[in-house]
Structure formats: structure tokens, C-alpha cells
Amino acid sequence: MTACTPVGAAEVPDGLVVQVGADDIDSLVQLAAEGGRLIQVFDTDANKVAAARELVAEAGVYGTMAVDRFDGEHLPIIDDSAAAVIMRSDFSIDSGEAMRVVRPLGVVVFPDGRTEVKPRPAGLDVWTHYLHDPSNNAVSKDTVVAPPRRYQWVGSPRYSRHHDRMSSVSAVVATEERVFSIVDEALPVSILLPPRWRLVARDAFSGVVLWKKPIDKWAPHLWPLKNGPANLPRRLVAQEDRVFVTLSFDGPVSMLDAATGDVVRTYADTEGAEEILFRDGVLYLVIVRDRPSLTSLSPAARNQFYWQETPRRIMAVDADSGKVLWAVDSPALPVTLTVGDERVLFHDGKSVVCLNRDTGDVVWKSQPIERAEVIQSFYAPTLVLYDNVVLFSGGETAGVQTGSWYMSGKDTMTALSLEDGRVLWQAPHPPSGYRSAEDLFVAKGLVWTGETTSGRAVGVFTGRDPLTGEIKVAFPPDVDTYWFHHRCYRGKATENYLLTSRTGTEFIDIEKHSWDINDWVRGACLYGVMPANGMLYAPQHPCACYLESKLSGFNAVAPAKGERIPAWATKVARLEKGEAYDWTPTEDVAAEWPTYRHDGERSGGTTANVGIDDQIEVAWEANLGGGKLTPPVAGGGLVFVAAVDRHTLYAVDQESGEVRWHYTTGGRIDSPPTLYRGRVLFGCRDGYVYCLRMKDGALIWRFRGAPVDQRMVAWEQLESVWPIHGSVLVHDGRLYTVAGRSLFLD
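Each step along the sequence shown adds one to the number in numbering that gives the first Met the number 0, with nothing skipped, and position 471 is 470.
Read the hints as simulated data drawn from the structure, not as lab findings. Be aware that a few hints might be false.
[Unchecked claim] Below, a list of computed lysine-lysine pairs in the PhoX-like style, where the Cα atoms sit at most 20 Å apart: (1) LYS443 <-> LYS511; (2) LYS349 <-> LYS409; (3) LYS117 <-> LYS511; (4) LYS511 <-> LYS140; (5) LYS349 <-> LYS364.
[To be verified] Label pairs and their in silico Cβ distance ranges: (6) ASP508 <-> LEU104: 24 to 34 Å; (7) ASP328 <-> ALA543: 23 to 33 Å; (8) ARG264 <-> ALA621: 47 to 57 Å; (9) ASP215 <-> VAL323: 22 to 32 Å; (10) PHE483 <-> TYR580: 51 to 61 Å; (11) ASP508 <-> ASP328: 38 to 48 Å; (12) GLY604 <-> VAL188: 25 to 35 Å.
Note that CB positions come from ideal geometry on N, CA and C, so glycine has one too.
Can you make the complete structure from the sequences, with help from the hints?
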């Protein structure tokens, strides 16, 4: 491939694609129309940028593909986010800068046609099952994950649908390049609207939506508050090239192509699968044949949907051929199926059962081990396999509690020998989570538990020897944090941190015995958060606690990494002068409605005579290309309105409705501009404030409110890490605005 040769579609991966150079973009326009990619083109030539913007807009894909200026040396994209960076000639970007922007396993295409793939750094880990892997030990081996200090990406929808009904997020898993989730994307305006469940694939490092797969019928979305079902997250498993999922609530297990979402295989006789595990090419399934009908949701949750003693079918299926290797009929407590190197284990309601992984034959059965007398839909016991030790906690009292002030009862955890099932030790198990499964982690070679359910609990964490149960370490929180109960999901962990959610997400350092509290980020009800790929993934929640500061949407947040503002950025001028910078207005321009809600007080009122109802009629309509528009403002005989997702401000003749001029920026314009003395002033999600001449849209100046021009994927488009709202405040000749997303990140 030469410097002037268009990049073929087969060479451009899905995800965030960055091209340096605005020439030869026709093939990229076509790719943008196909979906699965977010494309950004940068150039230093303002004329080329303007021409390319018109071309992209005419194709109807502006927003999905965008064009902007840059300095020719520094790519205005955050680290580790682009799936591909395509370099053209005549720019001063070195290979290190391109490799900074591209994500692990992403590709840089150089002007001479060479390509270089960015290696995956050591220390990163994936999260392929609900509880990390088929051992059920919800502990990531990721050593990069640490307390969040930087934003990586945020995706839609902004909130889950309802606080008092079933979680809108059922499952999330991650591979090296992708994140998969099962999400209800129906409008949140009313929970009575029908659900719209989707299996959604995103780029793990940019959040770009790669594909969506409709789920025909899922668990009832009107399921009552804090009632699970606790085993719902067990229906999704991902490997690098494959995804295993049930595409309906009572349907069979399907294998999908991870890159496209196409169904590769549907497994026979797997209808009613409740849980999926995968290891060494074999699927291990829990299948229920007889399930209570859900004719009335609240009574079902309270009275019918307890775990039934009805036998399940434990089945091993070769993933490639679909051949059933073996099947065993037995009661099986939810979320207790566990797979090791040679053994398959589960709790049958009385004892832990150990099967030969190859044949399904019973190897041993433990003595009876206590569990909650009734397994309600919100609760699931915990069974973890670690080396040659089997750990079980059955929630004898926690599994039936309903109050947020629940304190330590008489619950136990039991350690068994994997070899023969004998009891190694037994110890108290403190209550954790809230109206959810509970925590039992093995990290740094110790078994960790902590009392976190109640706001009255101190929150002491204890680490025990897995072979003897001896307490090796115990420590309380070293910070004061308020909470009324743990969030409505169980915790997760890495080898370095225990991740609880007493308020937001606490990073409890296992070595230092210290707590880092982050009240402003929390995960989805039922599911929680996921540490993987060096980041913390926090899916959508419905919560209003700390609403002014808490993150919304599907968030990926990353730890600190060097200086946030590079040294070179402090030397770059923030003010850029436009072609109309020296223009001076000869007279003030009347503005009938000059800013959002009329004035700086946002009164929403005017003294103008607007007539009465029977005197008002439609004078004109203007087609601005569809999509979301901002409210209008008016002045100087013009009406100003922005096409939000197409980054374009329009000036429309107030009398005729004709478009007088339009101006395209580097990002969304989320609210109307402010008119002041012949000028049009507005902020943009690209991190800049723009000042245009009202009569013709000529640029007077733009000012970078962001400390440095760096962009991330936000709400399915590129935005500045420090965006600015469109409607700026002008008072006494000065403009006021705020740039940024969170007080706690970047």
C-alpha cells in the first residue's frame, strides 16, 4: 500500500479508526456507513478539513465519521484506544505517538504500507465468565487494574430503566479486544414499555459498538426490586473468537462469532439452559426442564421462584461439534457449578458433589453442608475451586434476610479437599453484598471475606490459609465512609485489590491494608463491576445517590499513568484566531431570544408580543437533515439551531426558513449558542469554545477550554475528555463556561 492508496475495507478493523490526512477518504465513508466503526480523520489544512466535512455530511454519516484539524505532530486521542491508526505522508507524527494512541493488538499503518501491531502489555487479564472463569473465583489476575483516575470511555444508555424493577444489565464479560453485555435498551421513560434486550459487543478499549444481537424474550423486566434472578449473569461466556449465550430465556445455547455476532452453531437439547461454563473446548451447562410460569411477577418472586428441588441436567458438550459428552441429572444449587482441571463440582442442596470431568461419573460426595433453608431468587450460594481446595458458603441466614441492617449471624464457610471431599476446616462467613450472592475470594494465596452488608458493620476483612483456615491477616477500614447498605451486588477482586461497593467502588489494597473509596462510580444492580484489561468496567445503574457527581452510562475507567497533561501541551496557545478575528461590529444586533431560556438567569420568559393561540400558525419549516436538534435562539433576523450529533450549527432566515449558513465543529454541540453583539458564541464537546460572526458564520476565534486536546469515545462519538456544553453564559462582556466530566477523573 502506497501513501496515496486508499485503505481497503478488509484492512481496517472494527472499532475506533483514526486516519491522519484528509485525502482519499471515500473508502472510509463507505466503511462508516456499514457500522461497527467510529472513524476520525485529522489534517492540518483547514481547506481540506472543510471539504472533507462536506463530503462526509453529504453521505449522511457525519458523527459516525468526523474530520478535524490538528497540529500535525500530536494526535488528539487518549492512550490505548484506537483499533487502527492510518498514517499518510507529510506529517510529523513519529511511530511512538501513533503507538501511544493505538490499543493493545491494534494496528498502525505507515505511509510506506508497513503495518505494526501493538503488543498486549504484560499484566492484563480478561474476564470471560460471570465470576471471572469456571473456577468461580471472582479474582482477576490483572496487575494493572488500580484505583480509577482516568476516563477511558463511556457508552449508552445513560441509565438502566428502573430502580424498583429487574436490572437492565444481565451480564458482562470481556476478552482481550471486546466487551460483551446483555442490556435492555428500551426507553426509560416508562418501565411499562416493552423491553428491548440486546447482546451488545463493544471494543474493550474504546467502547465503540461493534454489533448488536436482538434477544427475543428474556427474563421479565418487571421482576421485583432486588430479587435477582441471581443466576441470570451465568448465561453469557466469551472466548477470543466465540461467544456462548442463550438468545432467549428458555432457548438453547448458541455459539456466535465474536467479531460479527453471527450464529455459528445452536446446540441441540440445550433448551432451558440456566448456566454456561467453558473450559478446554467443552461447555458445561445447567439445564432446567420445568420452570414455574410467570403469570404474576411479584407473587412468583416471593412464592414460586425459590430454588426448587427439581433436578437439573448437568451436561458436558463439545463446543466445536455439539456432541454431548455426558449428562447427569441432579438437583444443583444456582451458581455452584464449578469446573477444574479434572473435576466438575456443584452443591446438590445437601452436599457438594464431585464428578470426573471426562466421564461425569461421581468421584465423591461430601458430608451434608448447611445452606439457606430456602434459596430465594435474589440469592445464590458460593462454591469456589482453588488448587486442591473446594470452598463453599451457603448463606444459612444471609440467604433469607431482607433488611439492609443485617449483621453477622451464624453463617459458615467450609473448605473441602478436592481429592476426597473431606472437611479441611470450617469458619464463620460474614454477610456481604446486599440482596445478592455473597463474597468469597482467594487472592494472594489467602481466602478473603469481609462483613460489608450493613452500614453498622465495621467492615473488617480477614484472610485465611486455604488449607487450614488459620487467620493470617485481618484489618478494618483505614478511612471513614458512610453507607446504608452495600450496593445490590456481590464484590469482585484482583490479586492486588478487593473491590467492594459499600457506597461506590472501594479498592481495598491487600498488601497495604488500605481503602481507596470512590463513591462516584458503581456498577449495575445484580451484576456489579468487572476488572479487566487494566480497567474497571462499570455498567449502567439506576441509582440516584450522589447524583451530582456519580458517573452514569457504561463506564470504563483506568488508573493513573504518568503526567496527565504532557509538558508540550502547556506551551501550546489555547486561543486560535479565525479569518474574522479583526472584524469589529459597527452596531449592536437585536437579539429576541439570545441564549438558552432567554437570558443569563434562565428565566424562560420574554416581554415580546408573540400573539395569542388563534393568531399563531406555521410560517415555514426547515429540513436540517434529521437527527436530534437543540432548542433554538434568535437574533439579527436569524434563528440558530444545532444538529447535535452532526456537530453542525445552522443559521436559518427568520422570515423564509432558508439556511443562510452552517458551521461544523470537531464534536457535538449539545445546546444552543449565545448571541452577543453580532457574535455567535457556543461551547462544543470537542473541548473548544467557538465565536462566529453572526451574519455569515465566519470564525472569529476558538478557545480551548480543555487543558489539552485529547479525545475519548463518549456516548458513541468522539468527544474531548473535558467537553464544554453548547450554551455558554455571557455577563458584562465576559464569557463563562466549564470544561470537564468529573471532579475525580483526569
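A quick look at each hint next to the structure:
1. LYS443 <-> LYS511: Holds: LYS443 and LYS511 sit about 13 Å apart, inside 20 Å.
2. LYS349 <-> LYS409: 18 Å, holds
3. LYS117 <-> LYS511: 33 Å, violated
4. LYS511 <-> LYS140: Cα-Cα ~18 Å, so holds.
5. LYS349 <-> LYS364: 10 Å, holds
6. ASP508 <-> LEU104: 24 to 34 Å: 30 Å, holds
7. ASP328 <-> ALA543: 23 to 33 Å: 46 Å, violated
8. ARG264 <-> ALA621: 47 to 57 Å: 51 Å, holds
9. ASP215 <-> VAL323: 22 to 32 Å: Given a distance of about 25 Å, which is inside 22 to 32 Å, the answer is holds.
10. PHE483 <-> TYR580: 51 to 61 Å: 55 Å, holds
11. ASP508 <-> ASP328: 38 to 48 Å: At roughly 45 Å between Cβ atoms, ASP328 and ASP508 fall inside 38 to 48 Å, so the hint holds.
12. GLY604 <-> VAL188: 25 to 35 Å: 27 Å Cβ-Cβ, so the 25 to 35 Å window holds.
Checked against the numbered hints listed earlier, the structure breaks hints 3 and 7; every other hint is satisfied.
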